[in-house]
Each structure stands twice: as structure tokens, then as C-alpha cells.
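Work the whole structure out from these sequences, hints included.
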Amino acid sequence: MALSTLNSGAEHAREKIVRELQGTRFDISGFIFRFSLIFGLGSGVLILGAVMWDVVGDGSGFLFDRGWEFLTGNASSRANSYGIFEGLRGTFWIGVFVVVFAFPLGVGAAIYLEEYASDSRLTRFIELNIRNLAGVPSVVYGVLGLAIFVRALDGFYPNSIDRHLGSTTAAAGATLAILVLPIVIITASEAIRAVPQSLREGGFGVGATKWEVIRHHVLPYAAPGIFTGTLLSLARALGEAAPLILIGGVLGSLGPKSSLLELEQLGERFTAMPLMITQLAKKPAFIGDWNSATAAAILVLLVVVIAANLIAICLRNHYERKRS
Amino acid sequence: MRNGLRTTALFSLLVSILIVLSLVFEAVTFLNGIKISWLWGDQWAPPFNEYDLKTPLVGSLIVTGIAMVVAVPIGLASAIYLSEYAKPITRKWLKPVLEILAGIPSVVLGFFALRWVTPNIVQQINPQAPGFTLAAAGIGVGILTIPLIASVSEDALSAVPNSLREASSGLGAKRVTTTIKITIPAAISGLVAALIIGISRAIGETMVVFLAAGGGGNQAQFTTSAFDSGTVVTAAMAATTAPSDRLSEGVALQSLYFLGLLLFIITLLLNLIADRFVRRVRIIY
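Residue numbers (our numbering), protein chains in the order written: chain A, 1 to 324; chain G, 1 to 285.
Take the hints with a grain of salt, since some may be wrong.
[As the list claims (entries may be wrong)] Here are some chain A residues pointing at chain G (derived, C-beta under 7 Å):
| id | residue |
| --- | --- |
| 1 | G30 |
| 2 | G239 |
| 3 | V305 |
[As the list claims (entries may be wrong)] Okay, derived cross-link-like pairs now, DMTMM-like style, lysine to aspartate or glutamate, Cα gap no bigger than 20 Å in a straight line:
| id | chain 1 | residue 1 | chain 2 | residue 2 |
| --- | --- | --- | --- | --- |
| 4 | A | K210 | A | D119 |
| 5 | G | K92 | A | E320 |
| 6 | A | K282 | A | D54 |
| 7 | G | K174 | A | E15 |
| 8 | G | K181 | A | D27 |
| 9 | A | K210 | A | E114 |
| 10 | G | K95 | A | E320 |
| 11 | G | K87 | A | E320 |
| 12 | G | K54 | G | D228 |
| 13 | A | K283 | A | D54 |
| 14 | A | K16 | A | D27 |
| 15 | G | K174 | A | D27 |
| 16 | G | K87 | G | D155 |
| 17 | G | K35 | G | E50 |
| 18 | A | K282 | G | D228 |
If you are wondering where the hints come from, they were derived from the structure by calculation, not from laboratory data. Quick caveat: nothing in here was measured; it's all calculated off a predicted structure. Even for Gly, the Cβ is constructed at its ideal location relative to N, Cα and C.
As C-alpha cells, then:
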């Protein structure tokens with residue numbers, strides 16, 4: 001009796017194992033799980049599609065109709081004659097400030113932290129501090145810009161009653177340069193950390209100094225990674241609006257028109273693409289073509305920002321493949 | 001060379017010190033300039049000396065909550081699929097899509113939330129909802145947070161050594177069992193970090209809420225309903241300096257430093273906690 005139960009138990013187990021191995025039973029939980037994952041990922045992609053479709057659908061017609069006029073015209077009170085030149089000019093100068101100030105400072109700090117700094121308490125504190133700075137909301141950098149740059153620059157115009165005199169293109173550029181600084185440092189540090197140690201040792205082996213090794217071996221190898229990170233942070237800076245509102249950017253037209261490259265405007269009031277979009281989006285949608293004008297302005301900003309992102313992503317993928 | 005580079009590294013410390021100093025000094029000036037009873041009322045309206053703190057704080061809570069309801073399932077599912085299921089070729093094409101989503105400026109999503117999410121989602125659910133709602137802002141912020149949660153979670157899942165998955169498969173576990181019982185528990189501290197970083201990012205997001213939730217410029221009524229217009233900490237700060245009919249001067253202008261200090265402390269705490277969780281993952285593997 002006992003023997004036969006054991007036998008049938010073994011038989012049962014054997015059948016079960018064979019069935020599992022042959023996979024004849026439909027795996028319901030696995031299917032549901034997998035389906036919900038694809039559903040989640042699919043909705044993420046769909047949302048991106050909806051954002052793009054919405055903006056492109058609304059804006060492209062307007063953009064093609066107005067064309068060059070839209071890009072080179074000044075802001076106006078009528079949607080049909082609205083132009084975004086002032087915003088483009090401000091965004092261009094913000095980009096210049098980020099490239100000129102944030103990139104050298106950030107890459108320099110990354111080189112110091114990765115190549116020179118000993119593992120001291122101060123170094124660890126600086127690193128923790130940089131990680132935290134990267135997580136500080138952008139609007140807080142606006143407060144910093146308002147307190148330091150706007151107020152400080154206001155000191156140059158003691159007789160003025162206009163509290164906005166310090167709200168200049170220079171203040172905006174400096175604020176956003178500081179905003180992206182931690183991101184530049186973190187991405188550049190990662191790129192430098194990924195340089196194989198053997199490369200440095202080879203350099204030292206032939207008698208190079210520390211700086212020569214960094215200059216001729218480490219930096220060239222880390223360059224694509226550093227460039228990718230800086231490009232992503234540039235894109236981030238060009239799309240920021242909140243800090244600019246805090247330091248008193250103009251939502252609307254600046255008045256007299258100066259050309260793209262005049263240095264004088266660094267000391268004048270500013271606007272930028274994200275600010276113009278904010279202003280346009282706040283206009284009532286049912287009057288005139290404001291909806292299309294907003295979407296067209298967004299389209300221009302998106303082309304710039306996504307182009308920078310795409311170049312960065314392609315560059316990274318290219319070098320990852322080459323080196324693996 | 002060394003000292004020059006060292007100065008650039010120390011510059012980041014200077015930035016932190018300046019942030020804290022400027023926030024604390026002006027926030028203290030603000031608190032000295034008002035009566036404490038002004039901090040409790042029924043609206044946040046600096047031009048009228050009404051600084052009801054619970055208005056922006058509860059607004060932030062509502063918006064962040066909705067954002068997490070949107071972002072956590074989508075972000076987590078994307079991360080698990082990309083890390084555990086996707087073939088290399090699928091991953092190669094899908095990851096850049098999420099990265100592009102991460103690169104979209106927040107003002108664009110603000111416009112999207114205001115002009116698309118409000119009529120097509122919010123007002124479908126609640127036809128009485130006004131044109132500016134916390135719900136639309138929350139959904140917009142959620143979309144903005146998806147790529148961040150997805151990428152931090154994916155890093156955590158990829159850090160789990162393959163030997164764990166292989167051991168589980170070797171014992172006869174199905175892929176879904178391996179993922180739920182082995183991989184996710186092994187990566188749990190990284191996933192918690194992703195959630196906290198997402199919350200911190202959602203609280204700090206300004207433009208989406210500024211565009212999609214704020215009806216009346218620099219003035220917002222206290223509300224606990226997601227289908228009302230309202231404000232959050234960040235948007236209230238931006239509204240204080242944004243050009244409008246009622247400019248804020250003096251004490252009213254300083255209110256933004258006080259909110260800034262609150263925001264800075266909240267996000268700093270969240271980031272420090274997340275940092276600890278991320279480091280735990282690195283220490284284990």
C-alpha cells in the first residue's frame with residue numbers, strides 16, 4: 001500500500017516535470033506581467049508621441065506660413081505678426097555664458113576631483129555637496145541669481161528707482177551657468193573615471209608629468225564622454241524658464257531692437273525662448289492664433305534642444321560601441 | 001595647475017554657501033517683517049499680506065501625489081522591461097526615446113498640460129473642472145518625472161549581478177518569478193531611491209504648475225481638491241516676481257525667499273536620503 005502511493009507520487013512528479021519542461025501549459029502570470037510592462041513602456045512612448053504630435057500639428061503650419069519673419073521679428077500684441085527674435089537672442093547668449101563659464105569650471109573641478117584630490121574628508125564633502133547641488137530645484141538657483149547677481153548689479157545704478165536694472169542678460173547667463181555646473185562636474189567626472197588606469201601608467205612609464213598625462217592621455221580619451229555631458233547640460237540650460245522668471249526676465253517684448261551679437265545687451269534687460277513661450281501660453285487660446293504661435297515657438301525651442309540631445313546620445317552610443 | 005583646478009572644485013562649495021546664506025538672511029527678514037498669524041489663513045496672496053503656508057504646501061502634496069501615480073507605474077514598468085525583458089536591439093531604440101522625453105523643457109510640458117491634458121483628460125473626468133487645475137499640473141509633472149524614475153530604476157536593476165538570475169532560473173523559476181522574487185528585492189534600495197528622487201524632482205518642478213494650475217496670478221485660494229486651481233511652493237515663488245498687475249514689493253517680495261528656504265530644506269533632505277539608498281546598492285554589489 002505504502003509502496004504504491006510512493007510510486008504514484010513519483011509518477012505524478014515525473015509527469016509534472018515533463019509538462020513543465022515541454023512548456024505545454026500556458027504561463028498566465030508571466031504573460032500578464034510581461035503585458036503590463038509593455039503597456040507601461042508603451043504609454044511612456046505614446047505620451048512622447050502625443051506631446052510631439054500636439055505641438056508639431058499646431059505649430060508647423062504657422063511656422064511655415066510665417067517662416068523667416070517669425071524667427072527674425074519682434075514680439076507683438078497680435079499673433080499674426082509675432083516674432084521670436086528677442087527670445088532667440090537671449091537664449092543664444094545664455095548658451096554662450098554656459099559654454100564660457102560652466103564648461104571650463106565644471107571640467108576643471110572634475111579633473112581635480114578625479115586626478116588630484118586625495119580621499120580626504122574635504123574631498124568627500126565636496127563630492128556630496130555637488131551631488132546635492134545637482135538635485136536643488138532650478139527655481140532655487142533663481143533665488144540665488146536674484147540675491148547675488150541682480151542685487152549686486154543693481155549697485156552699479158545707485159540713482160535708479162527701477163528695481164529691475166540688475167535683471168540683465170549677464171545675470172541670466174551667470175545664473176544658468178551656475179545651475180548646470182554640478183551636472184557638468186558629475187558627467188565629466190564619470191567620463192574621466194572611465195579612463196583605463198593602464199593609460200595613465202603608460203604615460204608615467206615614459207616619464208610624463210602628471211599634467212602631461214592628463215593633458216595628452218586622460219582628456220583625449222575622456223573627451224567624447226565630457227562632450228556628451230556638456231551638450232546635455234547646455235540643452236538643459238536653454239530650456240530652463242523658472243530661474244529666469246525669478247531674476248526678472250521680461251515676459252514679452254523688450255522694445256528697441258538690437259542685433260544678435262551686440263555686446264551692449266549683456267547689461268540690458270533680457271528675455272529668452274522659454275520665457276516667450278510662457279508668455280504666449282498664458283494668452284487666452286480662443287483669441288486669434290495664439291495657440292499656433294505658442295506651438296510654433298515651442299517647435300523652434302524643441303528643435304534646438306532635441307538636436308543637442310540627439311547628438312549627445314548618438315555620440316555616446318558610437319563611442320560605447322567602439323570601446324566595448 | 002593643481003591649485004587652479006582645486007579652486008574650481010571649491011567654487012561649488014561657495015555656490016552652496018551663497019545659496020544657504022541668501023535664503024536664510026532674507027527668510028529671517030521676512031519672518032521679522034510679518035505677524036506670525038499671517039502664516040495661517042485661507043489664501044496665499046503676497047500683495048495682500050496673506051501668506052497662508054498650507055495653501056502652497058498642500059498644493060505641492062496634491063501635485064506630487066498625482067505625479068507619482070502617473071510616473072511610478074510607467075517609469076518602473078519601462079525600467080523592468082528594458083532591463084529584464086527587452087532584446088538588445090529593442091533597448092537600443094527605446095532608451096533614446098526615454099532620454100529625449102527627459103530632455104523636453106518643462107515649459108513645453110506646461111503648455112501641453114494646459115492645452116491638451118486639461119480639456120482631454122481632466123475635464124473628461126470632471127466636466128465642472130476649471131481651465132486651470134492642480135490635477136492637470138500633476139499629470140504634466142508626472143510625465144516629466146517618468147524618464148528620471150525609469151533611468152534610476154534601470155540603473156538599480158542592471159546593478160543586480162546576473163548570477164542571481166541564473167541561479168533562480170537554474171532552480172526552475174519562470175522569468176516573472178525571477179523578476180518579482182529575486183531581481184526586484186535585490187534592487188529594492190535603488191528602486192526606493194528612484195521613488196525619492198522622483199518625489200524631490202516633482203516638488204521642485206515650477207513651470208508646469210505655473211502654467212497649468214495657477215489661475216489668478218499672484219493669488220491662490222486654499223483648496224484640498226485636485227480639480228481646483230491652486231498653487232504649489234515653486235509656482236508661488238515664480239508668481240511673486242512674474243510681471244502682473246500687482247507687483248510684490250518689500251515683505252511680499254521676501255516671501256519668496258522664505259518659500260525657497262522651505263523648498264531647499266525639503267529637497268535637500270529627500271536627496272540625502274536617496275543618496276544613502278543609492279550608495280547601499282553600490283556597497284552590496
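What are the numbers of the hints the structure violates, in ascending order?
none
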